[in-house]
Amino acid sequence: MTLTLGACGGGDDVNSGYARLMSAVPQAVTSVPDAHATLLTYTMPATAGGTTPATSLLFVPKGNAPAGGWPIVAWAHGTTTAGQATCAPSLTLDTLDGGLTAQGFPSHYSDFIESLVHAGYAVVAPDFEGLGPAENTPYRYYNSASEARSIIAAVVAARESDMPLSTHWAAVGHSEGGRGVLELQRFVGDASPLDFRGTVAIAPFTSVAASINGLSDMAASDPTNAALYTAIQNLFVGMLTVAVQVESPNVDVSKLMGVDLASQLTELRTKCVFAAFGQIGQLISTKTPAGYAGFNPQWRSVPEMQAYLAANDPAVEPDFRLTAPTLILQGTADVFVQPTLTNELVSRLQATTPPPPSLAYKTYPGKDHGTVMTVVAPDVIAFLSSRFQ
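Using the working numbering, the letters of the sequence shown correspond one by one to residues 1 to 389.
To be clear, the hints were calculated from the coordinates, so they are not data collected in a lab.
Please note: incorrect hints may appear among the correct ones.
As the list claims (entries may be wrong) - Derived CB-CB ranges, DEER-like:
#, residue 1, residue 2, range
1, 247, 68, 36 to 42 Å
2, 319, 195, 21 to 27 Å
3, 357, 26, 35 to 41 Å
4, 353, 23, 42 to 48 Å
5, 285, 358, 42 to 48 Å
6, 354, 255, 34 to 40 Å
7, 317, 168, 23 to 29 Å
8, 250, 195, 41 to 47 Å
9, 26, 347, 42 to 48 Å
10, 290, 252, 20 to 26 Å
The beta-carbon is built from N, C-alpha and C at its ideal position, and this holds for glycine as well.
Construct the complete structure from the given sequences, taking the supplied hints into account.
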């Protein structure tokens, strides 16, 4: 059954017009058996101005809500694409990961969301702006404002539904979503007077330029896997180039990369991430890493790219600091988000003035970018429990 709605529920206690719920459609999501699942369609503020349709999945625990309603956890997904709208979590109800698992990268997202629901949290999982069945605007990969608005609009829309939800909320994210929930803290005032309680960032993808350099070092010290590290580097620079082209269509791509990577930008824009990654890897294997005309070593000095990273990467934003209690979690065997760089990010955040309200950090020996999701739930739930008391 589809419910077409106006502003109802608790939505009128948030800044007027931030998100307008248009429909709420029950979904059969067997991977989260403890929840009533609903696909929400609503409007959100568009990065380009005006409003745009957006979608999210809302998972509400079965049973009676506690006094005041179920506390809300906004879940921010990792990278699913650089531009293909159909690579959306809401379109992959079996895995809730936009196709990551189907492409050979088990995300474990559905198990993680089930853990949160089982612990007594309503989880709202937005498709980022530009992704999902209702999109009519370009996806903006690695764009802090876009992701923050996507998260906040999902929470506001969930509150407009007829589900018994609290005014208290927190945000949890992985990879790109992990960076997104750190950046979210700059925007939570847009959700006032909802009560934001804190952030959990799992393997947050930050320090992009340093990550590219680190992968070069890894390739030099590990020739057996040099092609893999080279493919990851070019994937990152390629996806960021697609994102910069949305903001700056006339950017000179030849200053960012060679002809081989440039020839694959369309695939990056139109395919899900690991399908595109596989294409990059195949071309590298036919030419060898040294023969592949990939990213320009000076890519980050191109003005449009430099400005994009300065606005969206917490590791290089000059004034970035945390304003809410935060937990950062990281696997030590992660090659996509290098643990040394997360260590450095945490040290930088701890040293800001004023310091963060509270910042905890934990690493998981032997866990990589995907398997870390299989072990973090107890620590995430413990943090949320402390914040929702």
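Violating hint indices (sorted, rising): none
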